[in-house]
Amino acid sequence: METNNSVPLSQLEAGESGVVLRLRGGRGFVGRMAALGFTPGATLRVARNSGGGPIIVDVLDTQIALGRGQANRVYVRQRENDE
Amino acid sequence: MCVNGKMTSSEQVTATGTQVVEKTATLALAGQPNVGKSTVFNILTGLHQHVGNWPGKTVEQRVGRLEHDDVIFHVVDLPGTYCLTAASPEERITRDYIIHQEPDVVVVIVNAAALERNLYLVAELLALGAPLVIGLNMIDVAEQEGFEVDPEILSENLGVPVVPMVASRAVGVHDLVDEAVAIVEEGPSSEPHRPHVRQDHQQVLDELRGLIEDYVPAPYPHDWVALKLFEGDEEAATMMRDILPPERWAMVDDILQQHEDAIIAVASGRYEWIEEMTRTAIKRPRIGRVTVTQRIDRVATHPFWGLILLALVLALIFELTYSLGGPLQEWMATHVVEAFSAWLAASLVSAPAWLSGLLVDGILGGVGTVVTFVPILAVFFTVMGLMEDIGYMSRAAYIMDRFMHSVGLHGKSFMPLFLGFGCNVPAIMGARIIESRRSRLLTIMLAPLVPCAARLGVLAILVPIFFPHNATLVTWALTGLPLVVLALGGVLVNRLVLEGEEAAFIMEMPLYHMPYPKSIALLVWRRIMAFLRKAGTVILIVSIIVWALASFPRGDIEASYMAAIGRFLSPVGALMGLGWRPLVAILTSFVAKENVVATLGVLYGVGENSGALAQVLSASLTTPSALALLVAEMLFVPCVGTLAAIKQETGSWKWVLLNVALLTLLTVVAGTITYQLATLLL
Chain A
1 METNNSVPLS QLEAGESGVV LRLRGGRGFV GRMAALGFTP GATLRVARNS
51 GGGPIIVDVL DTQIALGRGQ ANRVYVRQRE NDE
Chain B
1 MCVNGKMTSS EQVTATGTQV VEKTATLALA GQPNVGKSTV FNILTGLHQH
51 VGNWPGKTVE QRVGRLEHDD VIFHVVDLPG TYCLTAASPE ERITRDYIIH
101 QEPDVVVVIV NAAALERNLY LVAELLALGA PLVIGLNMID VAEQEGFEVD
151 PEILSENLGV PVVPMVASRA VGVHDLVDEA VAIVEEGPSS EPHRPHVRQD
201 HQQVLDELRG LIEDYVPAPY PHDWVALKLF EGDEEAATMM RDILPPERWA
251 MVDDILQQHE DAIIAVASGR YEWIEEMTRT AIKRPRIGRV TVTQRIDRVA
301 THPFWGLILL ALVLALIFEL TYSLGGPLQE WMATHVVEAF SAWLAASLVS
351 APAWLSGLLV DGILGGVGTV VTFVPILAVF FTVMGLMEDI GYMSRAAYIM
401 DRFMHSVGLH GKSFMPLFLG FGCNVPAIMG ARIIESRRSR LLTIMLAPLV
451 PCAARLGVLA ILVPIFFPHN ATLVTWALTG LPLVVLALGG VLVNRLVLEG
501 EEAAFIMEMP LYHMPYPKSI ALLVWRRIMA FLRKAGTVIL IVSIIVWALA
551 SFPRGDIEAS YMAAIGRFLS PVGALMGLGW RPLVAILTSF VAKENVVATL
601 GVLYGVGENS GALAQVLSAS LTTPSALALL VAEMLFVPCV GTLAAIKQET
651 GSWKWVLLNV ALLTLLTVVA GTITYQLATL LL
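Just so you know, the protein sequences line up as chains A and B, in that order.
Residues in the first sequence are numbered from 1 upward in steps of one, following the numbering used here.
Residues in the second sequence are numbered from 1 upward in steps of one, following the numbering used here.
Treat the hints with care, as some may be off.
[Unchecked claim] Only some residues are given here: those of chain B computed to face chain A with a beta carbon under 8 Å:
#, residue
1, 85
2, 96
3, 116
4, 264
5, 267
6, 301
7, 402
8, 407
9, 411
10, 509
11, 512
[Stated by the list, open to error] Have a look at the derived ranges for each label pair, beta carbon to beta carbon:
#, chain 1, residue 1, chain 2, residue 2, range
12, A, 28, B, 245, 27 to 37 Å
13, A, 21, B, 218, 39 to 49 Å
14, A, 28, B, 206, 44 to 54 Å
15, A, 28, B, 339, 14 to 24 Å
16, A, 28, B, 242, 47 to 57 Å
17, B, 101, A, 21, 40 to 50 Å
18, B, 473, A, 28, 11 to 21 Å
19, B, 564, A, 50, 54 to 64 Å
20, A, 8, B, 303, 16 to 26 Å
21, B, 571, A, 51, 31 to 41 Å
22, B, 319, A, 50, 45 to 55 Å
23, A, 28, B, 651, 36 to 46 Å
What the hints contain is simulated information worked out from the structure, not anything from laboratory work.
Don't be surprised by glycine CBs; every beta carbon is placed ideally from N, CA and C.
Kindly produce the complete structure, drawing on both the sequences and the hints.
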C-alpha cells in the first residue's frame, strides 16, 4: 500500500519508510547525498526522529545521521509500514 | 619479467656476484570512511610510515613502504571519501593523485556489510581507468549482520580482483598484496565492467564527449572529463572552458544548462550498475534480525538515555585520565624534570650564571613542565582513541548536534572540542573532520576556551590556596566559565557574522566493532608527537624569550624588562585588582598555562616552595583579586603552541591575531567585572 504524498523526510517518524522522490538543493548537496544512497527511487527507513535535532536514516544497509535542515530537503513518498 | 606502467626496475650486481633485482611500484590505498582503510595501511607499512600534509592542504597525508616478494611498494594512503566530486579537498586530492601520479595499482577497501554503498566509490574509480584491486573487508562483521557476499562471483561480475579480508585480525592482507603484485607484474587480467549513465541520458553524454574529445589534455581520460562535466563538476568545467574554442564551449555549456539535474542520472546509473554487479553476489539479511549495533544504539542514540550515557562516558574518561595520569605526572615532575634540573644546575656551577639560568630556569622551566603533561595526555588520548575506534564518537556527535547547533556549531565540532580538555593543540588539528570551512574556523577559534589539562592543573593548585572551604564549588564555576563564554561566543558569531549559513550535518554512523589496538596506539602516538613538537619548537623559543625578559638587564626579576611591562600595564591591572606580579604571571602563561604558578613563586621570592607560596599569596591577594586572577588564567590567550596550531590549520596569521585580540579583551573585561562585582558583594 502506498500513498502519493510527497513529504520531507524529517516528517517521517521512527520506524516509518519512504521512497525518495527528489532532493532539493545545489549540485554539491545532491552529489554528496547520492554517494550515500539518497537517489530518487531509493528506499529509506527512519531509525530515529525525536522531533528536533538530527534524524537517523537507514539507507543501503548503513545508518546516516542527517541534520534537520538536510532532512527537510529530501522529499519522499511515505510507504505504509509493512513490518 | 614484465615491467609494467611506471614501475621502475634496476639490476645491480653485488660484491658476491649475485644479481639483485629491485623493483619499485606505487600502491595507492583508497576507500570510503569507516571501512578499516587505516588498519590496512598500518598492517601494510608497520612503522615504515610518514605522516605529513598533502601539499598546500590541511589534509593529512600518510605514506609508507612495503616490501613484498621482490617488489618495494611506495604506499600512499588516499583520504577517505564517499565519492570523487570536486566538493571537498579530500575528494580533489584523491582524484588528482590518481590522474596525475598514475599509481601502478589502486587498492580500494570496501566494507562488506555496506557493499552497495561502498561500490559507489569503486564506480567512480573505474571511470578514472586506474588498475584496481578490491579488498572486501569486514566479512566477519557482514556475517554478523547476516550478509553473505561471494567474492568470486563479485570479482567475475566486476572484472576486478576481489580479496576477502578481516583487516582487524590481519586476515587476507597477504592475499591482497599478492593481487597487487600480480597487477604490477602482469597487468590487469581482465577488462573491468564499467558503469554507465542512466539509459535516457546516454545519447546526450555521447554528444558531449564528441564535442570535447579532441581537446581533453593529457593525462585526463576523455570519458571521465565528459562524465564530470555532465555531473556539473566545476573543476572540469573550468578546465574545459579555458581549453575549448569559445563557440565549442558555448555548445557544451548549452547542453549542460539543459541537463542541470544530470547528476541524478549519473548517480542512478551507478546504482543500476551496482545492482547488476551484486545481484548474484550478495545474500540479503533475514528480516527482523536485531544486530549488536542496533541493540547498543537503542541506548546510545536515544534522545534521553543517549545523553545520560554520553555524560557517563565523559565522566569515566576524566576519571581515568586524572586517576591514572595525575600520579604519573607528579612522578615525572619530581623524578624526571626536577631531578634533571637539579643535576644540570649542579653540573653548571662553574658555568656563567646566565647560561645556568637559561638552561635550568628558561628552557627546563618552560619546556620541562610542558613535557610532564605527557602522561595525562597519553591516558586521555588513549581513552578518546578507543571511543573513536569502536565507533562511539559519531554517536556522541549525533547526540550533541542539537546543542552544538544552538550555539552555531556542528555535531562534528563536539569531538575536537572535547579533545581540548586534554590539550588545545590536537583539538584544533582535530577540527579537520568538519567539512564546512565556516564551522571549522568557528570551532578552531572557540577551542582555546576549552580549559586544557594545564589550566585545570593551575586551578587545582591555586583554588585551594584562596578558597580552602569552597574549593570544589569554585573549581567547577571556574571550569564552567570559559565553556559558557564559548557557547555565548558561538551564538554571537552565528547571529552576527555567519547569519543564514547552514552547516550541513551528514554523517555515517558506522557499525560498532572491536577496537584495533595498533590503530589506537598510532593515533595516540601522533597526537602526543604533535604536542611534543610544539614543546620542542615554539614553546622552546618563547620560553627563552620570556626567560630573557624576566632576567635582563640585571638578572633580577624585580628590575627586569618583564617587570617593566607589568608596571606599564598596571592601570589595566588596577581595573582587575591585580598588581604587576599577578599580571606578569598571567602574561607568562602565554608560554604554557601552568607557568602562572612558577612565575608567582619567582615573583614573590618563594621559588618552588608551595607552602610558602600559599602563605604569601593568601596574604597579598584579596578574595576579589584572587577571583580575578583565576578568571584571567582561565580566559587569557592560549599558549603559544595552540596559537601555532591555529596558524597551521587556518593558514593565516589573521586568525591568530584575531584570537589573541579577542581573548585579551575578554580577559580584561571579565577580570574587571569579576573584581568589581566581588568587591561590591563580598
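Okay, the hints, checked on the actual structure:
no. : hint                      : result
1   : 85                        : holds (5 Å)
2   : 96                        : violated (17 Å)
3   : 116                       : holds (5 Å)
4   : 264                       : holds (6 Å)
5   : 267                       : holds (4 Å)
6   : 301                       : holds (5 Å)
7   : 402                       : holds (3 Å)
8   : 407                       : violated (13 Å)
9   : 411                       : holds (7 Å)
10  : 509                       : holds (4 Å)
11  : 512                       : violated (11 Å)
12  : A:28 to B:245: 27 to 37 Å : holds (29 Å)
13  : A:21 to B:218: 39 to 49 Å : holds (42 Å)
14  : A:28 to B:206: 44 to 54 Å : violated (26 Å)
15  : A:28 to B:339: 14 to 24 Å : violated (57 Å)
16  : A:28 to B:242: 47 to 57 Å : violated (22 Å)
17  : B:101 to A:21: 40 to 50 Å : holds (41 Å)
18  : B:473 to A:28: 11 to 21 Å : violated (49 Å)
19  : B:564 to A:50: 54 to 64 Å : holds (59 Å)
20  : A:8 to B:303: 16 to 26 Å  : holds (20 Å)
21  : B:571 to A:51: 31 to 41 Å : violated (54 Å)
22  : B:319 to A:50: 45 to 55 Å : violated (29 Å)
23  : A:28 to B:651: 36 to 46 Å : violated (22 Å)
This entry does not satisfy hints 2, 8, 11, 14, 15, 16, 18, 21, 22 and 23, going by the numbered hints stated previously.
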